[in-house]
Amino acid sequence: MKKQPQVTERTKANLCKAFWKLYRTRPMDKITVREITEIAGYNRGTFYLYYRDVHDMFSQIEESLLNIVEDLIEDMLAQEGRIDISSNMGTILTMAKTHSAYMSVLLSDHGDPTFVTRLKELLWPLVDRYLGITQSVEMTRDERELLKQFYLSGLIAVIGAWLNSGNRMPLDRFIAFALTTMFPNQSENIR
Numbered sequence: 002m003k004k005q006p007q008v009t010e011r012t013k014a015n016l017c018k019a020f021w022k023l024y025r026t027r028p029m030d031k032i033t034v035r036e037i038t039e040i041a042g043y044n045r046g047t048f049y050l051y052y053r054d055v056h057d058m059f060s061q062i063e064e065s066l067l068n069i070v071e072d073l074i075e076d077m078l079a080q081e082g083r084i085d086i087s088s089n090m091g092t093i094l095t096m097a098k099t100h101s102a103y104m105s106v107l108l109s110d111h112g113d114p115t116f117v118t119r120l121k122e123l124l125w126p127l128v129d130r131y132l133g134i135t136q137s138v139e140m141t142r143d144e145r146e147l148l149k150q151f152y153l154s155g156l157i158a159v160i161g162a163w164l165n166s167g168n169r170m171p172l173d174r175f176i177a178f179a180l181t182t183m184f185p186n187q188s189e190n191i192r
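Residues in the sequence shown are numbered from 2 upward in steps of one, following the working numbering.
Bear in mind the hints are in silico, worked out from the structure with no lab data behind them.
A virtual CB, placed ideally from N, CA and C, is assigned to each residue, including glycine.
Just to be clear, a hint being listed does not mean it is correct.
Claimed, not checked - Cut-off 25 Å, straight-line C-alpha distance, at most; resulting in silico cross-link-like pairs (DSS-like, lysine-lysine):
no.: 1; residue 1: K13; residue 2: K31
no.: 2; residue 1: K31; residue 2: K18
no.: 3; residue 1: K98; residue 2: K121
no.: 4; residue 1: K31; residue 2: K149
no.: 5; residue 1: K18; residue 2: K98
no.: 6; residue 1: K98; residue 2: K13
no.: 7; residue 1: K149; residue 2: K121
Stated by the list, open to error - Cβ-Cβ distance ranges computed for the label pairs, FRET-style:
no.: 8; residue 1: P171; residue 2: V138; range: 33 to 41 Å
no.: 9; residue 1: Y49; residue 2: G155; range: 36 to 44 Å
no.: 10; residue 1: R45; residue 2: R142; range: 22 to 30 Å
no.: 11; residue 1: D30; residue 2: D85; range: 27 to 35 Å
no.: 12; residue 1: F178; residue 2: S101; range: 14 to 22 Å
no.: 13; residue 1: D30; residue 2: T141; range: 35 to 43 Å
no.: 14; residue 1: Q136; residue 2: S65; range: 48 to 56 Å
no.: 15; residue 1: N44; residue 2: T141; range: 35 to 43 Å
no.: 16; residue 1: D110; residue 2: V34; range: 33 to 41 Å
no.: 17; residue 1: N44; residue 2: F178; range: 46 to 54 Å
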C-alpha cells in the first residue's frame, strides 16, 4: 500500500504542530514522543515512520526553514545590479511571518543558537552585498568581522522581537524603520 503524499504531509505537520506546542514552553529534552503523539492524535509507530526521535524532528523543522531562506537568498543574489534591500527584506520577513509559529521561538532566547548561527551565515552574503563590508579596504579583517556580527545580530534580534510582538508593527513600516535605523548611512540607497 502506497502512502498518499497529502496524507503524509498532513500527518507530519500535525506531529510538528504538537511538538511545537510543547517546545514553546519547555526544553526539548523534557519532551517525549508519547506526549507529541497524544497531542497529535497518533500512535508512536506513526511518529517513528517519519522521525528517529524528538531531536531528529526538531532538526528537520530547522532544516526545512533554513532551506526556504537559502532558496530566497540565492534568488536575490542571482539578480544583477544593485539590490533592492527593502524588497528583499520584505520577502524574508514575509517568510518569517508565514512561519512565525516556528521562527518566533527559534529567534527568541528559548531558541536554538545553532539555528541563529546558520541563519546569520545565510543572510550574510545579502547584507554584505548591500553594505560592501568585505570590500572595505579601510578596515582590518577583525574590524570587518565585528561589524558583520553587529549587523547580523541586530537584524536577527529586531526580526525576532517583531515576530514576538503582540501588537505587531505593519511590515512596510517595520522595514522602513529597521533599514533607516540600522543602516543610517545607506538610507539614501534604500528603495
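So, going through the hints one by one against the coordinates:
no.	hint	result
1	K13 to K31	holds, 21 Å
2	K31 to K18	holds, 17 Å
3	K98 to K121	holds, 18 Å
4	K31 to K149	violated, 35 Å
5	K18 to K98	holds, 16 Å
6	K98 to K13	holds, 21 Å
7	K149 to K121	holds, 9 Å
8	P171 to V138: 33 to 41 Å	holds, 39 Å
9	Y49 to G155: 36 to 44 Å	holds, 41 Å
10	R45 to R142: 22 to 30 Å	violated, 51 Å
11	D30 to D85: 27 to 35 Å	violated, 43 Å
12	F178 to S101: 14 to 22 Å	holds, 18 Å
13	D30 to T141: 35 to 43 Å	holds, 41 Å
14	Q136 to S65: 48 to 56 Å	violated, 33 Å
15	N44 to T141: 35 to 43 Å	violated, 59 Å
16	D110 to V34: 33 to 41 Å	violated, 26 Å
17	N44 to F178: 46 to 54 Å	holds, 48 Å
In terms of the numbered hints stated before, the structure departs from hints 4, 10, 11, 14, 15, 16, listed from lowest to highest.
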